[in-house]
Amino acid sequence: MANTIATYLRNILDTATTVFEGMAVTCSHFIRKPSTVQYPDRVPLRVQDTLPFRYRGILEVDLEICTGCLACERACPIDCIVIGATKDKQTKQMILTRFDIDIAKCMYCGLCSEPCPTGSIHHTPEFEGADFSLESMIRRYVKEPVAAYKPKKVETDPVVAPILERGMRYLEEFASPEGGPATPDADETESAA
Amino acid sequence: MQAFLDRLIADGYFAGVPPQIVYAIAIVAAAAVVIFGFVLNVAGVTTFIERRVWARIQSRIGPNRVGPQGILQWLADGIKLLMKEELVPAAADARLFKLAPYIVVMGFVAAFVAMPFSSVLIAADLNLGILYITAVTSLVVVGILMAGWASNNKWSLIGGIRSAAQIVSYEIPAALSIFTIVLITGTLSMQSIIKAQGWAPWDWFLFYSPFTFIAFWILFTALLAEGNRTPFDLPEAESELVAGFVTEYSGARYLFFFLVEWGNLYVISAILVTLFLGGWQVPPVTDNPVLLNLLQFVTFFIKSYFGVILMMWIRATLPRIRVDQLMTTCWKYLVPMAFVNFIGTAVWVALWPNGNRPVWILMTVLGFVLLGYFFYRVEFHRRRSGADLLFSPFS
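Residue numbers (my numbering), protein chains in the order written: chain A, 1 to 193; chain B, 1 to 395.
In isolation and in its complexed conformation, chain B is listed as follows (with noise of 0.2 angstroms):
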């Protein structure tokens, strides 16, 4: 983008302008239209789906009277939360109070800094893209521990602290995790891990080895206990904290909450996607750059979605486990059965530099035939339960 922007200053377009101002309003103008562009809209589409999916889950149709199909109901909650008064408690920190969202929002967006969409569509491709992206999640945590010391309030506090000890302690399994990748492709830039696989599922690195597969497990239990998702929700467990750290906010601030809760779905899934499953790697099916692009962007944006309603369905299916339990998987599982598949990965690394072909594409067969197995249960439950079939998603 600099080039562009070079070319532009020097053909006389900004003629008067120090080139410094101009690169300061093009990275402002490029990350509002990333922001307003993509992320709002993700983060809201994917409020009405998640709605969706958890109806279908529980026998329900879900919201579907907002424009066709619903799609519009994320539009007015939005709104309806805007329009909202917003409170500030007699008690509360006031400054740090009203500050804690923006900083919550603030580490959200900040990783999308170094998300890959496409081949080129990249902000800055940084040479520690997935460290940087690990670094700047977890600003969120102070986010959320500052709202729930400011709103004075027990149940905030409690959710803010939760919210702190389960972010620490499970970014270790997902580090390690996420280090058995840089092993293999010896960088920490997210193009190069993807340039690294290919288009097909057997040049994914999910399939590289047994040890990158639970590695992906491991990661994808981790980041869902960072996300502060469901069954590791306990910062804002409805039935205990009433709703954690977000208890005193109302309106706007109360939205950056939930626009942070699930655009970070997507920012999981995008994660995972650019490690373990070949990011935006197509066939080579066309040469018109812009094509191949779209066709890159649409590729990561699916698979990135597919984990997003992943979450959704988990959420949906498991209760949220205690406190203890929490730590116990974390320290008792997690970590040890992380340090194992970085060790046997160096291992694996250190005895084939290439990748073992024969287990990869081994891997990948048995990957297929537990997805298989996976549909038949589904299958035998849908039939058990006598319910009638129907694939639609409408209503």
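Just chain A, with the same shape it has in the complex (with noise of 0.2 angstroms):
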């Protein structure tokens, strides 16, 4: 009888305390900052910026640096690229007139840089792709025909220096088989870990 009263009066005591202690917490709350990312429009900086270099995002051809080889054409497995090459006879040059990537087909995998001898064909931090047609997401990099680039030992051009050294340094980072710089800290942690 006594231990029935005595659970009887620790449930209410129990119901009380327990209900302060979790209001209490509750309450925490209202004094915490919520964790809302409010994408895309108040954000503090654009959640593009935030994303690494390497992150694999809408593709993007430097036409300053591509060389009309058509490696990634080859390479990717869904043929969303589709490249129009051809040699000028007189000048020897190779003439890019269409330069196509499929957005809507694209899967993302990256094949088509890792072969890129320059780095010209690139992933991007971009991800809003959204649009209202599938003709709307095919991505026509050539507008009127080019001239493909030519290799050379040592760039000089002011323009496309800076935009070969990106490229070189994206292949670097995003191509390479340990797939990251090479340095000699890195491969110690490896060996290390």
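Keep in mind that a hint or two might mislead.
[Stated by the list, open to error] Cβ-Cβ distance ranges computed for the label pairs, FRET-style:
no.: 1; chain 1: A; residue 1: Asp131; chain 2: B; residue 2: Val168; range: 58 to 66 angstroms
no.: 2; chain 1: B; residue 1: Gly372; chain 2: A; residue 2: Thr15; range: 39 to 47 angstroms
no.: 3; chain 1: A; residue 1: Ala6; chain 2: B; residue 2: Ile71; range: 45 to 53 angstroms
[Stated by the list, open to error] From the derived model, a few chain A residues whose C-beta atoms are all more than 12 angstroms from chain B:
no.: 4; residue: Phe20
no.: 5; residue: Arg42
no.: 6; residue: Lys92
Hints are computed from structural coordinates only; laboratory data are not their basis. Yeah, the Cβ is synthetic: ideal placement off N, Cα and C, and Gly gets one too.
Once you've looked at the hints, go ahead and assemble the two chains, each given alone in its own frame, into the complex.
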């Protein structure tokens, strides 16, 4: 009997104290900062700018350094890249007439950017690719036929040089078999692990 | 108000119109002003504020796009619901199905007849005001049961029956707790109960004796259950009953049910504020009657709205209880405790007819110590989580 009454009273006490404590926990959320990220328009920094250099977003082509070698077109497993390249008979110069990438088909595997000799075709951190029709999702990079890039020993053109430098850096970081720059530090930590 | 109308009639403003018709039109006009000017807006804004309060408790932000800080979200939701198609299931009892929401709304709006807003702003200071409010708010259960039955849907029916069982059970501790205050004041009129208290916390009936303090929490729990609020929202338990008695409703009738659900929050806290928290009592700071009434209205509203936020906060904290636990809580715990409180208060009033002043003040001090300890625990949990401090309710 006494035991029953003790249990009864303890139930009441437990209810009061646990609810009190639980309410304190939830009340503390009133003075905590919400963790919501208000994408897309109320973020302190564009999300694209916070993504890493190697992020596999929508593909882009730097036509200034495209050699027209068609390596990416052959590498693409789903044929979403279409390149039109012809050789000018007089000047022996490659002419790009067409460079289309179908973003609707692309599966962001990154196989096209690995064989590229100059890093011309590469992924960007851009990921907002939604559009209203399939037709408009084909990115056409060649507006009018341009001459393809000819690799030189040392690039001196002030416009092309920084683009090429970026492309080579991309290749080194993205397309190397190790998947990153082969720095001595990285090797040491890997062997240590 | 009748005296005012009589003077207008005597001055010849309504020449040739029978005074009864003038009275009737005035009553309808006053009801329309109260319902459209106050009840609908309070219920609507409450839905928005509730979503924001939940969001903050769940580390989210909540609706903040429609209007400044999302304050117009409730209008957008209301207009959307009004424009939706109103379906009546083929197998439903169409007449009862269509009638049910109006009965629910009627039971809810009728409570505002005896609801005090300030010392003069009250539609009718009925001499059995609190009994009247208890009675008409119980009318809601008729509408809910009607909705559950007429939907011809098992979930709706179970929801309706649960609601009926719940409201009938919880009326008993609620009424017993209300009568502890009636024992002290010797009146059922809402205005007289408020006038028996003062503006300061040590003049509130909440701290009158240990018994009224417990009675407050019993009444709060019982009114939560009567308003079908979490943790007692079994009639519309989403995980078991889809939406309970509102499963088959859509469009404006659905809107009516939700208007009542959120409007009821205000009614519940207004009852609690009237009985225990000093109602519209304000310090005597001004003699201007208009200013004084405005101040009283604001005081009453802020006190009531604090109760509303407390209920939202409980909804975001406590899980829904089981049906058997619901009945155990009521019959094994609340009813005996309410009876003990009732008898204890009767003895208390017999011993000290004007209240025991030292105990009253001691209870006030204890209440504030408890509140202080609560805030200490809040800060403790905040610090332990390591989260950033942010007091602003805006996002």
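Return holds or violated for the Cβ distance of A:Asp131 and B:Val168 against the range 58 to 66 angstroms.
With Cβ atoms ~59 angstroms apart, the hint holds.
Would you say A:Lys92 is clear of chain B, with no C-beta pair closer than or equal to 12 angstroms?
60 angstroms, holds
Verdict for A:Ala6, B:Ile71 (Cβ pair) under range 45 to 53 angstroms:
51 angstroms, holds
Could you tell me whether the CB distance from B:Gly372 to A:Thr15 stays inside 39 to 47 angstroms?
About 22 angstroms separates the Cβ atoms of B:Gly372 and A:Thr15, which means 39 to 47 angstroms is violated.
Minimum C-beta separation from A:Arg42 to chain B exceeding 12 angstroms: can you confirm that?
Contrary to the label, A:Arg42 does not stay out of reach of chain B, its closest Cβ about 8 angstroms off (not over 12 angstroms).
Non-interface claim for A:Phe20 versus chain B (Cβ beyond 12 angstroms)
Answer for A:Phe20: violated, closest chain B Cβ roughly 7 angstroms.
Going through the hint list in order, the structure does not satisfy hints 2, 4, 5.
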